[in-house]
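Kindly produce the complete structure, drawing on both the sequences and the hints.
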Amino acid sequence: MWYLCVFYHRLLSYRRAEVESLAEMFGVFSSLEWMLPENQHPDSPFHLVNLPSEDIARNIANRSILVKGIYELWGEGSSFEQLEEAIKSYPEDRKLPYLTCETTFKVTVDSFGKAISFQEQNDRIKSLAYIPFKGRVNLKNPDINFWLMETDDYGAPNGLPPVVQKRIFFGRLVGGADRKLLPTYQLKSRRYLGPTAMDAEMAFLMANQALVMPGKLVYDPFVGTGSILVAAAHFGAMTMGADIDIRAVRDGRGPDCNVWSNFKQYGLPLPVALLRADNNLPPWRSGLKEIFDAIICDPPYGVRAGGRKSGGRKLLKGIVGPYTVPDDKRTDHIPSTAPYSLAECVHDLLDLAARMLVMGGRLVYFYPVLSEGDVMETHFPEHPCFKLIASSEQILSSRYSRVLLTMVKTGSYTDKVAEAAKTKHQEFKENYVKWLEHGNLHSSVFGPAHLHLGEETDSKLCKELKPKYRGKYV
Amino acid sequence: MRLFTHNMLSSNIKGVSNGFPLRIEVEQVLEKQVDFNPDFVKNLFPKLEWKALVDGARTLGYAELPEEADSSMLESEEFLRKVHHALLELHLEEGALTCPETGRKFPVTKGIPNMLLHEDEV
Ligand SMILES: C[S@@+](CC[C@H](N)C(=O)[O-])C[C@H]1O[C@@H](n2cnc3c(N)ncnc32)[C@H](O)[C@@H]1O
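Same order as they appear, the protein sequences are chains W and V.
Each residue of the first sequence is one higher than the one before, counting from 1 in this note's numbering.
Each residue of the second sequence is one higher than the one before, counting from 475 in this note's numbering.
Computed list of lysine to aspartate or glutamate pairs in EDC-like fashion (alpha-carbon distance at most 20 Å, straight line): (1) W:K264 with V:E505; (2) V:K525 with V:E563; (3) V:K516 with V:E538; (4) V:K488 with W:E430; (5) W:K429 with V:D594; (6) V:K521 with W:E290; (7) W:K289 with V:E523; (8) V:K488 with W:E419; (9) V:K556 with V:E538; (10) W:K166 with W:D153; (11) V:K584 with W:D256; (12) V:K584 with W:D251.
Quick list of simulated restraints, FRET-style, between CB atoms: (13) W:E85 with V:D509: 50 to 60 Å; (14) V:R532 with W:K434: 41 to 51 Å; (15) W:G236 with V:R555: 13 to 23 Å.
No lab work stands behind these hints: they were computed from the structure.
Since we're looking at a predicted model, the values are computed, not measured.
Where is the CB? At the ideal position from N, CA and C, for every residue including glycine.
Spelled out as structure tokens, the structure:
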């Protein structure tokens with residue numbers, strides 16, 4: 001059945017991807033069908049989605065972060081007359097069970113892009129008198145929630161997606177996101193914070209993309225303050241994290257201000273394991289594979305906080321020969337590290353995931369892109385064991401965006417794949433200087449430029465069509 | 475550090491061909507109760523190196539695991555609870571993991587194993 005799916009006007013390119021992931025979590029294995037209501041821009045909050053049952057629709061909506069509500073749509077139209085006609089012709093047997101005298105109900109009036117006064121709201125509710133409501137009104141805790149929603153041409157550009165024409169929707173609420181989670185988990189009140197802690201909304205979205213469910217084992221190889229794993233633990237996962245920085249992973253800022261205390265703060269089960277390890281040289285025993293259900297992370301990219309890897313910079317460059325740490329200095333020796341290029345970091349992450357994820361397991365991670373105007377790089381990392389199923393962009397500044405990539409493991413980690421990864425690892429080591437110093441973000445990952453002339457003109461065209469509206473900022 | 479983690483880790487020093495299992499040196503062991511989840515244990519069981527778990531548990535003072543185990547034993551709740559206890563409830567809080575080949579010690583402090591290599595080991 002087709003449902004009306006109304007989104008929050010946030011993180012626009014994450015919205016459908018989230019619903020699609022949650023649909024899979026609740027047992028829908030074919031890809032979802034979507035439509036836009038008449039005259040709606042793709043960035044409009046109003047979408048139509050085809051879902052197999054109301055229970056599935058409710059589960060998806062209640063678990064989501066970006067779904068304001070999923071509704072059984074009783075009618076829509078470009079005018080109140082059209083709406084009335086539509087509601088009247090909606091099948092009686094779909095409507096009557098929700099209109100009986102035993103049920104309590106409430107009608108909420110909502111609008112997108114303009115404010116409606118209290119008086120107007122009441123008038124609109126009264127105008128619905130043609131619907132045979134028999135139950136009592138209960139504003140606090142009704143059995144049935146009806147919503148009347150509208151969007152209109154707001155005239156002057158106000159940063160919202162363009163609306164061509166007024167559209168009104170009336171529906172019965174099936175479920176919606178529990179946004180109360182966000183103030184509960186907001187970073188402001190997090191005990192142990194770092195400069196790159198993941199904000200709560202994004203961490204929950206990442207956990208949803210990764211299909212986190214009770215009993216699943218989730219790993220973050222760049223755990224930092226643990227904020228991604230906190231979200232995973234909230235959804236019932238067992239968690240495990242590693243970081244190269246011993247201060248982050250062990251010491252924090254004291255006994256009650258560290259990764260552990262971030263879990264205790266919310267009464268969540270503590271991580272199964274935290275360790276200090278370099279994802280460039282992970283310490284897994286040979287033969288170990290397919291152990292994690294999901295890997296979720298925000299890798300250390302140069303854009304914000306560059307990564308480090310084991311081995312001194314001079315050593316890797318070949319300026320100094322290999323030397324030996326004297327025996328009496330070994331215990332307190334602080335190993336020196338060298339910068340970790342984006343290309344190598346991503347290679348190591350994909351190799352880790354290919355080996356350590358179960359079949360069908362998901363790798364969810366951020367990937368930085370340079371954006372020039374509205375032109376976005378669309379070439380993302382690839383791996384023979386993975387299929388990319390979602391890429392959601394969030395613009396951070398006029399030059400950088402970050403894209404949340406969701407990849408699913410579809411092929412097993414064969415000896416051949418393992419061998420290729422080893423060769424590549426060696427190559428990175430031997431050509432360390434080249435990778436690091438020639439590489440700005442792009443050339444190191446993408447090789448030769450990918451922009452073709454045709455594409456360029458196309459995107460210029462797009463640019464002219466939508467001058468001010470940059471939806472991915474929200 | 476739990477034995478669950480110990481079962482996954484090896485010494486990855488350059489040139490070491492068999493860095494598993496790491497020898498456990500105990501300074502302090504803690505026991506912490508964790509909710510019993512039989513499915514987690516069942517799913518994990520085929521991926522465990524059993525002998526390393528048995529020996530590790532013994533080193534931490536728990537000798538209840540049988541020397542040999544196979545998947546038919548997963549029917550027994552008593553067995554699952556023992557594995558659960560060994561894997562998740564025993565913690566090496568202070569001590570070290572020693573590379574079986576080179577004797578290099580990876581310290582475990584405040585429950586966190588430090589697996590980072592020195593520059594001459596990569
Ligand atoms: C962008 S931060 C992730 C922050 C984390 N999501 C949080 O909520 O605090 C990247 C982390 O990767 C760590 N890191 C850098 N290089 C690493 C490496 N080679 N292996 C493992 N961790 C590394 C850094 O110490 C940093 O904590």
